[in-house]
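I would like the entire structure built from these sequences, with the hints used as guidance.
Respectively, the protein sequence lines represent chains A and B.
Start counting the first sequence at 37; every next residue gets the next number (this note's numbering).
Start counting the second sequence at 37; every next residue gets the next number (this note's numbering).
For the record, the hints were derived by calculation from the structure and aren't laboratory data.
A few of these clues could be false.
You can't tell identical chains apart in this list, so a pair holds if it fits in one copy or across any two.
Only pairs whose alpha carbons sit at most 16 Å apart, straight line, appear in this in silico EDC-like list of lysine to aspartate or glutamate [claimed, not checked]:
#, residue 1, residue 2
1, K122, E107
2, K481, E147
3, K67, D165
4, K143, E187
5, K365, E107
6, K411, E429
7, K143, E133
8, K67, D231
9, K52, D318
10, K52, E443
11, K398, E215
12, K436, D367
13, K247, E400
14, K360, E418
15, K436, D231
16, K436, D408
Number of protein chains: 2
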Amino acid sequence: MAVDEKETGFVKDIRKQSADFPGWYNDVVRKAQLADYSPVRGCMVIRPYGYAIWENIRDPLDALIKQTGHENWYFPALIPLSFLMKEAEHVEGFQPEFAMVTRGGGKDLEEPLVLRPTSETMIASVLRDYIQSYRDLPVLTNQWNNVFRWELRTRLFLRTLEFLWQEGHTFHETAAEAEEEVARMLDVYRQIAEDWCAVPVLAGRKSDTEKFAGAQYSTSIEGMMIDGKALQMGTSHYFGENFTRAYDLTFTGRNNERQYPHSTSWGMTTRMVGAVVMAHGDDSGMQLPPRIAPVQVIIVPIFRSDTERTQIENALVGVKEELKDIRVKVDWREERPGFKFNEWELKGVPIRLEIGPRDLAKGEATMVRRLDRSKRTVPLQELSLAIPAMLEEVQLALFKRARDFREQHTVRLDSLEALVKFFESSIGFVITPWCGREEDERTVKDRTTATTRVILSGSAGPDTPCAVCGRPATVEVSWGKSY
Amino acid sequence: MAVDEKETGFVKDIRKQSADFPGWYNDVVRKAQLADYSPVRGCMVIRPYGYAIWENIRDPLDALIKQTGHENWYFPALIPLSFLMKEAEHVEGFQPEFAMVTRGGGKDLEEPLVLRPTSETMIASVLRDYIQSYRDLPVLTNQWNNVFRWELRTRLFLRTLEFLWQEGHTFHETAAEAEEEVARMLDVYRQIAEDWCAVPVLAGRKSDTEKFAGAQYSTSIEGMMIDGKALQMGTSHYFGENFTRAYDLTFTGRNNERQYPHSTSWGMTTRMVGAVVMAHGDDSGMQLPPRIAPVQVIIVPIFRSDTERTQIENALVGVKEELKDIRVKVDWREERPGFKFNEWELKGVPIRLEIGPRDLAKGEATMVRRLDRSKRTVPLQELSLAIPAMLEEVQLALFKRARDFREQHTVRLDSLEALVKFFESSIGFVITPWCGREEDERTVKDRTTATTRVILSGSAGPDTPCAVCGRPATVEVSWGKSY
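Laid out in structure tokens, this is it:
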């Protein structure tokens, strides 16, 4: 078809992914109308297409959070400064990023209120009143809200001064239950990342250097972006009694003694939208996994006269009925087909359906998938089977491609020299035996900028030396440059 | 049944609705675990049961907002003070309530940032970049977020320093289109209030005294609470060119000249949860409309031995399968049935299903509706028909009862003396002819504390004098004391 020739000739208004990945990312986010910087430094405007992707991630996550027994609450966004100052490590981690309300109702406040950077301190303060006995435990809370961290270097979706997320906070009778919870919610995040966003992840504990301020330990899921860098996509923390002691939150145990509950927290943010962009796109723009695509099928009618237009309009009544469970949009704008093809490719719509008079005459449509631009003609009556099947195929293919990419860009190494050499010339992850010392992390970071991502295994085999320092290794860890 | 005798004997831990309505409201909100005051002055903690009601109002509202062509965005919560100072009336209305961020990242800010009290100013500033031509119009935005107004006297759900809402902001080529939008969204609010929350409303324009700061005119829906007071439940505003002029937001019209779009905004808040409590309850607590009830059916098993418990457990497998499309909960707690009945009545669950060994022997359950405590025995196999039918009956009955209550407490009067006398001895709404002068509103407010609620009709019939001052009346208006 004549139209297809035009298609490849189009110069798209985005930088090349292979030549300038950060530039490509920024162009895609803005040109595909996901988000923009706002007039307020470091804050973004999430535009409808970006927000719709977020809704399609948020809704299944909310369902999984509820299925695992959690309930949604809403806690105040304004936290008295004194609340935040009680847990020493937590203060140290977050204080530099505080946004402070010092005036309200025309008066200076006696005590500044901090816009929540995270709500551990508020929730522990509030739940003191609700938790008295072991019978009140566990308390499994979640909330969807906005948080504020005064970041200096910001990037759309990945790091902004204000962002949207959910934060779960739970309180348990025993350490074992709390640790199970930490693992359970990390697995929920893995499901959202892999099954919905088609981004394969490494899941495991963070090193002490990389943990959340105030946690006994943190776990995270990490995906590999197309530039080989790691993106932390969700975190789940075990606090032990750290916060409940600091906030004097106690319960009467089965032994009739006052005890501190063991608490956890876990969060996933609008950063996920950025993850989807960076894990799947190509030079033409985004490639959205069908399960989270706001538009799963874009129909581009191709016509040269009003008669032809009317014919197509009539045929589309039936097509839309066939596809009523699919998120379908018809692009009737007065633009050339090639322009439309480009735009919907940029926006990552998984399937394009082209319908012109010749297709109609044969009772067919042309189905083009964004994944690889492969084409197929499909009888109109078979669309209700062919489209869902292709959407499912694309969902799996995107996941598989991302997993293959990660595997191709992951190596096992056993010396510092090899590690340094790898990061000089290659992109991706390195897995090594490690002894667990922070000093080694500093050494590697200084020489490569890479950091430990997650600990993949709690043992490294007998008599295995640490790749960095040669001392006996205790774990296997992944290293990567990261966002 | 023995259990029923206990039921009425229970003293519930809430004040009497008829004796102390504000006290009753506060007790119900707290004891039914909808919300609590937080450690931060004027801010509330929304607890899971209250948040679930909000979700059940929010979700159908979000669906209606989308069906009427609007898209969800997210705009920054922090608004530079200078943005807010551009529209004079708007500043005057909101400035006394500003919460101001003056420090960020450890430094004093050059310009304070105001926590959004509402987003007209931010959205007009951002959309300047997206609106160029009449082809870009209309722009139909909505956002779900938290807003901050430094209120001095607060009440749970009704007026708090921070609250949750949606705010729609739209921009149109013509005044007529914008005015249609204002009416359309007011009707969406009417649907949510009446069809979902079972609260009948008066809908219409507000007087100039009562309009939103910066609007050309405001419209609202107003429900009558059980104490006869009015509650404003949703507002929809027409701005004309007020905001677009103030923010220099222009477009090139069909005549090729630069013009200002006509804009609107409309909002509905977590106050709706308070409306539901205050419009339907009784001395025993809340009465939730089934469509928004987090638990539609509470099953209370009644047993005296482990054998009986097991029998009921087995029977409930089938019952829950029958009711799989209904929000059902089984209360297995180790408490007396009477205690459970009281608690679920307080929480307003529409239907209670009691199942004991004698019921089981007959293959029946006892179905009790919260509305009037009427009882019916129902064969277990008929539950899948009987329950949805009764839920629908209760939904309609609650609406009808609230509408009858409002009609019984609404009178038409035609003199100031009658109006004053009414509010001295009665509760409810008064409808009068009115000439529209602010002075009359002051007179009535001074003598009765009542204010105009909405204008019900744009004419008052020929030669009808204003009830307050005797000048020729131009409208029919409703008066009421209000929250």
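Hints broken by the structure, by number, lowest first? Hint check: 1, 2, 8, 10, 11, 12, 13 fail, others pass.
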